[in-house]
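*Asks:* So you can see what is in the structure, the chains are spelled out below.
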Amino acid sequence: MKILVTVKEVATVEDEFEIEGTEIADQYLGADLNEWDDYAIEEAVQLQEDGIADEVVTVTIGPEECEQTIRQALAKGADRAVRVWDDSLEGVDLLDVNAKTEILSAVIEAEDPDLVLSGVQAGDDSFAATGVSVAENLGFQWGAVVNHLEHDLEEGVASVRRELEGGVEEFTELELPAVLTIQTGINEPRYASLRGIRQAQRKELDVKALADIGVDESTIESELDLTAMYEPESESDATFWEGSADETASELGELLRDKGVAQ
Amino acid sequence: MTDVLAVTDHRRGDLRDVSYEIITAGRELADETGGDLHLAVISGTVDDFADKLNRDGVDAIHTVSHGEEFNHDVYTQAITQLYDDLAPQYVLTPNSVNGLDYAPAVANQLDLPVVTDTIDLETDGETLVATREMYGGKVETTNELEGEAVVTIRSAEWPQAEGTGDASIEAFDADIDEDAIGSTVSGFEEVGGGDVDISEAELLVSIGRGIEEEENLDLIRDLADALGATLSSSRPIVDNGWLPKNRQVGQSGKVVTPDVYIAIGISGAVQHVAGMKGSDTIVAINTDPNAPIMDIADYAIVDDLFDVVPELIDEFEG
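Heads up: the sequence lines are chains A and B, in that order. The opening residue of the first sequence carries number 1 in my numbering; numbering runs sequentially from there. The opening residue of the second sequence carries number 264 in my numbering; numbering runs sequentially from there.
Hints listed in this document are in silico derivations from the structure and should not be mistaken for laboratory results. Careful, some of the hints might be misleading.
[As the list claims (entries may be wrong)] Pairwise CB distance ranges (calculated):
{"no.": "1", "chain 1": "B", "residue 1": "Gly-399", "chain 2": "A", "residue 2": "Gln-199", "range": "28 to 38 Å"}
{"no.": "2", "chain 1": "B", "residue 1": "Glu-295", "chain 2": "A", "residue 2": "Glu-233", "range": "18 to 28 Å"}
{"no.": "3", "chain 1": "A", "residue 1": "Gly-91", "chain 2": "B", "residue 2": "Gly-450", "range": "41 to 51 Å"}
{"no.": "4", "chain 1": "B", "residue 1": "Ala-434", "chain 2": "A", "residue 2": "Asp-206", "range": "44 to 54 Å"}
{"no.": "5", "chain 1": "A", "residue 1": "Asp-15", "chain 2": "B", "residue 2": "Ala-434", "range": "50 to 60 Å"}
{"no.": "6", "chain 1": "B", "residue 1": "Glu-295", "chain 2": "A", "residue 2": "Ser-234", "range": "25 to 35 Å"}
{"no.": "7", "chain 1": "A", "residue 1": "Glu-155", "chain 2": "B", "residue 2": "Pro-507", "range": "31 to 41 Å"}
{"no.": "8", "chain 1": "A", "residue 1": "Pro-232", "chain 2": "B", "residue 2": "Asp-438", "range": "21 to 31 Å"}
{"no.": "9", "chain 1": "B", "residue 1": "Pro-422", "chain 2": "A", "residue 2": "Pro-232", "range": "13 to 23 Å"}
{"no.": "10", "chain 1": "A", "residue 1": "Glu-111", "chain 2": "B", "residue 2": "Glu-295", "range": "38 to 48 Å"}
{"no.": "11", "chain 1": "B", "residue 1": "Pro-507", "chain 2": "A", "residue 2": "Val-207", "range": "39 to 49 Å"}
{"no.": "12", "chain 1": "A", "residue 1": "Glu-49", "chain 2": "B", "residue 2": "Asp-458", "range": "51 to 61 Å"}
C-beta: ideal position from N, C-alpha, C; glycine also.
Working from the sequences, and respecting the hints, build out all of it.
*Replies:* Following this line, the structure appears as structure tokens:
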């Protein structure tokens with residue numbers, strides 16, 4: 001079977017930062033493989049190692065700068081990658097769920113995978129909606145917030161566990177093809193080996209513009225307009241203990257004795 | 264007029280708190296232009312649920328009796344049919360695990376924009392202004408969209424509706440296409456039993472990403488031993504396999520209410536806070552004075568945990 005994994009390079013923000021308009025100033029931003037997607041890649045690679053998957057393909061929406069992140073996924077074992085970018089996507093503050101759905105659906109239709117794995121959410125915009133939206137758009141089945149996938153995938157059915165709130169898990173069976181949004185903790189993502197990193201440089205990374213995948217620019221216009229960004233007002237009314245580590249530890253020690261929870 | 268269709272959440276026979284919160288959120292939104300608030304109650308003991316949900320501010324409750332538990336195909340079909348029937352401006356759903364399992368599908372099927380995990384909403388009848396967080400809560404953003412939309416709301420951001428309402432309660436005859444149901448829920452399991460019940464502890468020493476390496480956990484174990492405390496953690500520690508699931512505090516872990524909760528190297532993501540905000544006294548040890556945990560802490564030490572924790576151990580072992 002063929003597995004497609006959506007991979008996003010997310011922006012990371014330092015503890016201290018400044019906001020310029022509706023963006024965080026560049027000098028406070030870093031870039032990283034989306035944490036949830038890392039688990040999705042690992043799950044796909046494990047399915048390949050188990051002899052279930054014949055091919056693992058990644059798809060990314062992003063500019064050339066994110067190729068280093070895509071190479072990380074290839075270094076961990078994905079076979080090849082597709083990156084979609086277009087001048088019309090430059091300067092978009094926030095690509096909304098519908099726009100991402102249009103682009104990813106076009107690639108998935110062309111690739112025709114049996115299973116699509118996507119991180120539950122992205123660490124930067126935190127929408128947590130694209131995977132399910134893509135599934136519905138394509139007429140695939142789906143499961144959101146999956147923290148266990150049985151690897152036998154017998155007779156075109158995926159048995160998954162979904163992580164609900166309050167320490168409850170739900171057992172669900174889904175017909176393939178399906179999109180699963182993958183929760184952290186489903187596996188232990190590997191570090192890329194040196195050999196993997198070397199091999200990744202030689203793997204195919206196909207770049208496509210919107211026209212190449214048959215998506216019209218007008219269909220990906222974001223319906224959501226990011227109008228303001230600001231730091232949340234601190235609501236802290238905490239007592240901040242100040243001083244050296246032994247002084248603050250002593251304050252805490254006194255509190256614990258006062259409360260009668262430690263002697 | 265801004266009519267709102269709000270979808271309620273239940274599991275294993277009980278309505279979840281967010282079902283009462285979404286009444287408040289939906290009422291506020293409908294009030295802004297004088298619209299009606301419709302509730303949808305799908306699957307399970309819908310008549311019993313409808314009676315409980317009939318609180319102040321609800322205009323109509325539509326029950327869809329189909330199966331016992333949540334199934335995203337049933338929800339998607341029922342909600343899109345209710346939308347066609349009622350023509351609301353906004354469909355509100357909880358930003359719960361189940362909400363996220365159908366809201367994007369409903370939006371896609373209805374060709375509407377979807378905005379998730381909102382913490383504040385305003386409308387003038389045409390433009391919706393939705394407030395939500397990005398970058399793990401480091402910033403808040405406002406987002407505007409025109410016309411109809413599907414919106415998911417974060418739990419515990421709106422108060423629960425109270426009082427007794429006089430809503431009309433009507434069974435909605437949804438035409439559920441059984442052939443289109445491609446998923447089957449076969450059961451549930453409580454996870455996180457094991458050696459210790461952190462929800463019973465009086466003093467919790469809880470550790471997060473700030474511990475950096477697994478071997479550094481020994482330092483925190485020493486602290487827990489010195490204080491006679493129980494060790495717990497935020498999600499990443501459990502995801503890394505450094506502690507078992509039964510030690511996880513948070514939305515998908517345990518809810519704890521100790522006398523004192525010491526959050527060490529925990530930034531305070533909303534999912535974690537959901538599990539520990541009921542602690543009597545919260546102490547945060549963190550290098551970042553702006554970390555969200557500071558907003559709910561009663562006492563805070565802005566310092567390196569690797570400097571403070573050994574001093575605290577000394578004080579009690581001393």
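*Asks:* For each hint, tell me whether it holds in the structure or not.
*Replies:* Here is how each hint holds up against the structure:
1. B:Gly-399 / A:Gln-199: 28 to 38 Å: 33 Å, holds
2. B:Glu-295 / A:Glu-233: 18 to 28 Å: Holds - the Cβ-Cβ distance for Glu-295 of chain B and Glu-233 of chain A, about 23 Å, lies within 18 to 28 Å.
3. A:Gly-91 / B:Gly-450: 41 to 51 Å: 48 Å, holds
4. B:Ala-434 / A:Asp-206: 44 to 54 Å: 52 Å, holds
5. A:Asp-15 / B:Ala-434: 50 to 60 Å: 53 Å, holds
6. B:Glu-295 / A:Ser-234: 25 to 35 Å: At 28 Å between Cβs, range holds.
7. A:Glu-155 / B:Pro-507: 31 to 41 Å: 34 Å, holds
8. A:Pro-232 / B:Asp-438: 21 to 31 Å: Given a distance of about 44 Å, which is not inside 21 to 31 Å, the answer is violated.
9. B:Pro-422 / A:Pro-232: 13 to 23 Å: 19 Å, holds
10. A:Glu-111 / B:Glu-295: 38 to 48 Å: 45 Å, holds
11. B:Pro-507 / A:Val-207: 39 to 49 Å: 44 Å, holds
12. A:Glu-49 / B:Asp-458: 51 to 61 Å: 32 Å, violated
The earlier numbered hints that this structure contradicts are 8, 12.
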